[in-house]
Structures are given as structure tokens and as C-alpha cells.
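**Q** Please build the complex by placing chain B on the supplied structure of chain A, with the hints as guidance.
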Amino acid sequence: MKPALCLSTITMILLMTAMPVLADVARPKPSPESKIILHTSLQIVPDAKAYEARLQISADALKYFRAALNEVPANPSLAQRIAHSSTRTIIAGLLLFMSVSLGGVWLARSARSKPRHQKAAAAVLVGIAMLGAAAIITRGNAGPPSYYAWRNLPEALNQGRATQGGIDIEIVPEGSGMKLIVPLKNKQNGEE
Amino acid sequence: MFVASLLVCALTSALLASWLPLQFSIVTVFLFAGPHNWFELRYFLMRLPVRFGNSRNFFLTAFVGIALLTLTYVSLPLLYRFGFWTNEAWSMVIAVWNTLLLFWLGLLVWLRGQQKVGRNWSWVLPIVLALSSLNWMAPEFFSLAIVYIHPLVALWFLDRHLARTQPDWLQAYRRCLCLLPFLLAGMVWQIARTPALADDNGLFWRITQHAGAQLLPNVSTHLLVSVHVFLEMLHYGVWLLALPLVGPLMLSSRQSRKPEGDDAQPGIWSLRSVPLARHPRGFPKTVAAVLVFGLFVVGLLWFGFSVDYATTRDIYFTVAIAHVLAEAPFLMRML
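As you go down the protein sequences, you meet chains A and B in turn.
For what it's worth, our numbering labels the leading residue of the first sequence as 1, then goes sequentially.
For what it's worth, our numbering labels the leading residue of the second sequence as 1, then goes sequentially.
These aren't lab readings, by the way, just hints derived from the structure by calculation.
Here the structure is a predicted model, which is why all the values come from computation and not from measurement.
Any given hint could turn out to be false.
[To be verified] Partial selection, computed: residues in chain A whose CB lies under 7 Å from chain B:
#1 Ala-67
#2 Met-98
#3 Ser-99
#4 Gly-103
#5 Ile-128
Here a beta-carbon is modelled for each residue, glycine too, at the ideal position from N, C-alpha and C.
Just chain A, with the same shape it has in the complex:
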């Protein structure tokens, strides 16, 4: 009995000391947040005659790049602004909830009083359903993920062929120069 009591006492003391020790561990430093400012495309072209690597940016792309850069400090994207404004999101959600609720009540009441409204209500619902379906189909047909375009990059580089795919231009707070990260999935895992 004594050893058991001793063991449990020691365990209790250990646990009690561990809690304040863990509580005193400094909070991890928040990692500097990177931000994607633009999605564009990148073509990698092997050139046997070139002596210097070159990153060519078209004048058109540069225009969008500058506009996106101008947007970085002051104008976050719409989604970001909504996500960062909880008050406005809550109010918007409440108003939408009330709209849908009252719309439903109005539809039910008007359908009872005037049957022809049922057709209008059905048309509205069908319209909304079609819009929803169109949105799903559009999203569904959004194309393969970005890494799919880069899947044959090693072979293409070996054979001297160009490879083109989408690329996000990302502003990172640390480091110098530029880094090109190409998503390449392991083909042995069955992904291509």
C-alpha cells in the first residue's frame, strides 16, 4: 500500500509541476504570413543557346502584377475583408437569414391565397436550383489541379521541351531573390 501511495503522490507532484512549467513556455512566434497576390501562368523553356536564366514577364502581365501589388497594403480581397470583419459578416448573415425566412413565409401565404403564385414560386425555386447547379458544374469543370500541368516537367526538361502551367505569384516576407516552387507528385503513388 505504501509504495502505491508513494508512487501516486510522486505522480501527482510531477503532474502539478508539469502544468505550470508548460504554461510558462513562451507562445510560438506567429509565422510571418505570406500572401498570394496574383495567379498567372509560367512557361519553362529549356534553351541550349542561353547563357543566363531569364524570367520574361509580358507587358500585359506586368500591368496586372502592378495593379495587384498596389492592392497589397490597402485593399485585401473581398473574401479576406469579409473574413476579417466578423461584425459585418454576422450582420450580413442575420439579414440573409431573415430574408430567407420572411421570403418563405411570404411564398407560403401567397401560394395559399393565390394559387397562380405557386407557379411563380416554383419558377423562382427552379431558377435558384439551376443557378446552383450551374455554379456546381462550373466549379466541377474548373480544370485539373495546378500540379497536373507540371507533371511531365522532368521529362520535358530532359527532352528540351517547353512546359506551361499556372502559377501563383506570392509575396513572402523573408528571404532574398526569387524561388520557383514546382508541384511534382510522385508518379509511383499512382498520381499523374
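**A** Just chain B now, with coordinates in the frame of chain A:
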């Protein structure tokens, strides 16, 4: 003739607005902003009944709403200069003003529906709530939408006016309206890829900002300003040309009670077409004074534009919210 005039006006406006958007924005606002407001004022006076009767609540709500919303809107730039609010708080202030505007419009629609026998316009409440919800998600975009939608309201006025005065022309007019999206699509197709306008001076910067350059950085400012100028030119065209010229001039058939043998239509300066002035229990002197004061303001506006165009333009577009708001109740009265 009517259709040809409409098409020529629309095509010319689209071409000029696409060709030199900044220049035509300056010229059209200078020449037509004040006069079109005067014509609107005259049109609204013509539509105002001598006695409100059953419409008392409707007009009371309309006038109180116009006064309060205008006052708050005009005070917003002043408060912005004092820097009371952060950017987020400022967005919320704009969202609150837009919500008040939407609820005021909803209330007007509901009150108008009450006056119509056999009509139930309570559907407006869910719509107002849904629009308010969208507004709270992106208040600045909602305000920008008002800038682009307001010019189109004039086309609705013309539609209702034709329905009352020239119903035979209505179908042709509506067919012409169907061309408007194609014209806009053509402008977008032609200008979307053009480089941004040089907004290197204060005035040009103001014009591009008014058209939404800051909110839509990836859209060519050439396109934004062109579309806005095009819609504004249509707006001015309706108020300055179409509505006064479409017969019977400024006189609805129901309201005209001409003496026998008097076939001449009243001119634009005649107060006979304004029931508020013509009626035995009306207010001819007040109506005349309001119209003369309106002319004085138009002259003052031209003088201001001549002396300091940029500042006068800023002041005008702030105060002009009153005429944007006033259009709503008078349009609803015509529905």
C-alpha cells in the same frame, strides 16, 4: 423617327464615351448636370398632387427620407476628413447608410402597394433584407453599384411616361432598350484590354475614382469611365431631350384640362402644366419661386465649374444624392 433618334443618341453616346471618356465626362457634367436637375425638379413638381389625400403617408415618408438621407450623406465626407473612424468602421458607416436607404425604399414600395387595390407588395421585405445582406458583405461595391444603376432609372421614367402619353411607342422603345446590353457588351469587348487612363492630375484621378478604379483595380479605368460616361449621357439625354420632347409636352392626358379651342400645348416655361400651380387652391407663386431659384442654382453651378471645376464637381456629386433619392418616390407613383 422616334426609334432612329433613340438609336442615334445611344450609338453617338457610346462612341464619344469610348473615344474620349475623361474629356466627355468633364464636358457633359459641366453642360448638363445642372440643367438636367432643373428639368427633373420641374417634372417632379408636375407629378406632385395639390392635396396628398390617401397618399399622405407615402409623401411624408418620401420627403422625410430624402431630407434625412441627404443630410447624413452630405455629412459623411465632412466626418471622413476629421478621421473619426478606422477603415473598417468607415465601411460599417457606409453599410449603415446603404441599409437605411434600402429600408426607406422598401417602405415606400410597401406604402405604394397599400394604395393599389388587389396588390400585395409585401414581397419587398425579403428582397430588401437580401440586398442589405449583400451590402453588409461589401458596402463599397454596393455604393459603386448605385453610381452605375442610377442613370438607368431615367430609362424607367421614360418607359412609364411613354406608357401614359404615347403607348404606341412603348413597344419600339422597349425593343431599343434590349439593345443596351449589347452596346455595353460591345464597349467592354473593345475597351477591356486598353491601357489605363492617365489619371495623373487631381481631376482625372477623381473621375476614375468615381467610376470605381480603386475598387476594381484589375479592370481598365478606360472601360470604367467610358461605361459610366455612356450611362450618364443616356441619363442626361432622357431628362433633357426625351421627356420634354415626347408629347404631349409635360402634360399628362389625365391632368390636362385645356379650355375649348386651346390646342396649343403648354411650353416648358408655362406653369399651366403644373397642377400645384394651376389648381385654384394651388401655390403658383411658390412653384414659380422654386423654379426660378432652381435656375439660379444652375447658373451658380456653371459659375462654380468655370472657377474651380474639380471642387465644384465634388460638391455637386455629393449634394446630387438628393435628386437620386427624389427619383424613387416619383417613379413609384408612376407604377
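**Q** Hint by hint, note whether the structure agrees.
**A** Cross-check of the supplied hints:
1. Ala-67: 4 Å, holds
2. Met-98: 5 Å, holds
3. Ser-99: 3 Å, holds
4. Gly-103: This hint holds: Gly-103 of chain A lies near chain B, its Cβ roughly 3 Å from the closest one there, short of 7 Å.
5. Ile-128: Hint on Ile-128 of chain A: violated, closest Cβ of chain B at ~12 Å, above 7 Å.
Comparing the model with each earlier hint shows a violation of hint 5 alone; every other hint is respected.
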